[in-house]
Amino acid sequence: MSYNREDLDFATEYKAAINQGPPRTTAVFLTTLVIVFVSFLAWANWAELDEVTRGEGRVIASSKNQVVQSLEGGIVKEILVKTGDVVKKGDVLLKIDDTGFSSNFGELRAKQASLQAQVVRLKHELTGVSGTPPVFPPALNEMAGDTIRTELQLYDARQRSLKSQIVILQERVKQRRRELSELKANLERISQNLKLAREEEKIKEPLARRGIVPKTDVIRLKREIADLEGQIRSSGESVPRLEAAIREAEALANEQTLKFRQDAQTELSQRTAELAVVAESIRAARDRVVRADVRSPVEGIVNSLNVNTVGGVVRAGETLVEIVPVEENLLIEAKVRPSDIAFVRPDQSALVKITAYDFSIYGGLDGVVEKISADSSIDEVSREVFYLVTVKTLSNQLGEKQNKLSIIPGMVASVDILTGKKSVLDYLLKPINKARYEALRER
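In the working numbering, the protein residues as written are 1 to 443.
Just so you know, the hints here were simulated from the structure itself, not pulled from any lab data. Some hints here could point you the wrong way.
What the hints assert, rightly or not - With a cut-off of at most 25 Å between alpha-carbon atoms, the simulated SDA-like pairs for lysine to any residue come out as follows:
id: 1; residue 1: Lys89; residue 2: Asp379
id: 2; residue 1: Lys174; residue 2: Ala251
id: 3; residue 1: Lys353; residue 2: Asp340
id: 4; residue 1: Lys64; residue 2: Ile79
id: 5; residue 1: Lys89; residue 2: Ile75
id: 6; residue 1: Lys335; residue 2: Ile372
id: 7; residue 1: Lys64; residue 2: Asp375
id: 8; residue 1: Lys82; residue 2: Pro346
id: 9; residue 1: Lys111; residue 2: Pro134
id: 10; residue 1: Lys353; residue 2: Asp416
id: 11; residue 1: Lys404; residue 2: Ala264
id: 12; residue 1: Lys111; residue 2: Ser269
id: 13; residue 1: Lys204; residue 2: Val218
id: 14; residue 1: Lys77; residue 2: Thr319
id: 15; residue 1: Lys353; residue 2: Val324
id: 16; residue 1: Lys353; residue 2: Gly364
id: 17; residue 1: Lys184; residue 2: Leu228
id: 18; residue 1: Lys88; residue 2: Asn396
id: 19; residue 1: Lys95; residue 2: Ser281
id: 20; residue 1: Lys174; residue 2: Val239
id: 21; residue 1: Lys123; residue 2: Leu275
id: 22; residue 1: Lys222; residue 2: Glu201
id: 23; residue 1: Lys64; residue 2: Asp85
id: 24; residue 1: Lys163; residue 2: Val120
id: 25; residue 1: Lys392; residue 2: Gly420
id: 26; residue 1: Lys77; residue 2: Lys88
id: 27; residue 1: Lys89; residue 2: Val298
id: 28; residue 1: Lys64; residue 2: Leu405
id: 29; residue 1: Lys335; residue 2: Glu299
id: 30; residue 1: Lys123; residue 2: Asp379
id: 31; residue 1: Lys353; residue 2: Ser406
id: 32; residue 1: Lys89; residue 2: Ser103
id: 33; residue 1: Lys64; residue 2: Ser269
id: 34; residue 1: Lys111; residue 2: Val278
id: 35; residue 1: Lys184; residue 2: Val278
id: 36; residue 1: Lys335; residue 2: Glu380
id: 37; residue 1: Lys77; residue 2: Asn306
With the hints as extra help, turn the sequences into a complete structure.
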């Protein structure tokens, strides 16, 4: 049964309240409330929040402290750093007097230049080119001009000596050839005289038998023939001796040249071997000179300086400087509670906040989880149980490029490790789910 407004005016308040519908504003409010609630549930189911595991820790050096020593020792010439200084790799920390090292190095360089000049001369002698002096490298000319002049003089003297010996032997060959020529001519003359004497004997011997010529003439002819035959035999024996002497003199001339080159080759081998030994000694001496400047092996901060006196003596192997390395990446050792360690994994992203710098102003450092300890540890003071999680940062400084804030080992930091994501609805339902699973189960 419906009523109009005029009827309601005369109705009792109870019946009016029952029969009158809800106000329009109330309906709009309830509808809006439902829409907002449904929208909130949809957003809460879709929106995700980061799940973070937090830990407290400190910055540690990514590598061990570097100990700088002197290999040879010596007298301290200059100290260029002090404790707390920031140094770069290769910076000179202090200098050791290198007078002795430099002197030894200079002597070896001079010996090397002398050997190199000798090698050039000996190689030129082996080529057999005479009349032209050896050509030395320009760098060697600048370094060892006196040595090169000495080698040129030695080259000229050796060439003159060789030529003199060869000329003597060549003159000997010419002399023996002249003697051989004269001997052969004399032999031919004697042979001709022998022929004539024999013909004369043939003529006079019959005449002597008939008494026409004295027998003494025949005897004289026989004696002359015998003498000529003896001369021919003697000359015939001298010819091979002279020919052998000629061959010997020619061989001696060739042997002299060969011996000269053999001696040069032997000396060249010795000098080359000595040069190799000297080159190794020079490398060692150069290293000693270079090591006189004690340099930093890494970029870092001078933690301790054990040498404070210029002119003081340091022993070989003595520790001079200790440097704390400053690498491009920092390592943070964070303590994480056992209740939070379950979802921490290597390579997870992390945010490192250095407590010495206000996070709201300077921000933090991005990093990744590098290592998780295999077992828990107990703090000896607080008796708290924790796992050590090592986080490696992607940078070692905070702030802008113009205003970089250095971070050094020992600074305290807090670490937020991103272990996953969870929707807002999951966060809201977590207490309900927990109560549902744990309700009425307590002892």
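Satisfaction of hint between Val324 and Lys353, Cα-Cα up to 25 Å: Measuring from Cα to Cα gives roughly 22 Å; hence the hint holds.
Distance restraint between Lys77 and Lys88, which requires alpha-carbon spacing of 25 Å or less: holds (21 Å)
Pairwise hint evaluation, Asp85 against Lys64, where the allowed Cα distance is 25 Å at most: holds (18 Å)
Restraint status (C-alpha distance of Lys64 to Ser269 at most 25 Å): violated (50 Å)
Lys82 paired with Pro346 [C-alpha distance capped at 25 Å]: violated (39 Å)
Lys64 paired with Ile79 [C-alpha distance capped at 25 Å]: Given that 25 Å is the threshold and the Cα spacing comes to 24 Å, the pair holds.
25 Å limit on alpha-carbon distance, applied to hinted pair Lys392 and Gly420: holds (19 Å)
Lys163 paired with Val120 [C-alpha distance capped at 25 Å]: Holds: Lys163 and Val120 sit about 21 Å apart, inside 25 Å.
Hint consistency between Lys89 and Ser103 [alpha-carbon to alpha-carbon, up to 25 Å]: Not OK: Lys89 and Ser103 at ~28 Å, beyond 25 Å, violated.
Restraint check for Lys111 with Val278, where alpha carbons must lie at most 25 Å apart: holds (8 Å)
Restraint status (C-alpha distance of Lys353 to Gly364 at most 25 Å): OK: Lys353 and Gly364 at ~5 Å, within 25 Å.
Pair hint outcome, Lys123 versus Leu275 [Cα-Cα no greater than 25 Å]: It holds: about 14 Å lies between the C-alpha atoms, which stays within 25 Å.
Consistency note: the structure conflicts with the earlier hints numbered 1, 8, 11, 29, 30, 32, 33 and 35.
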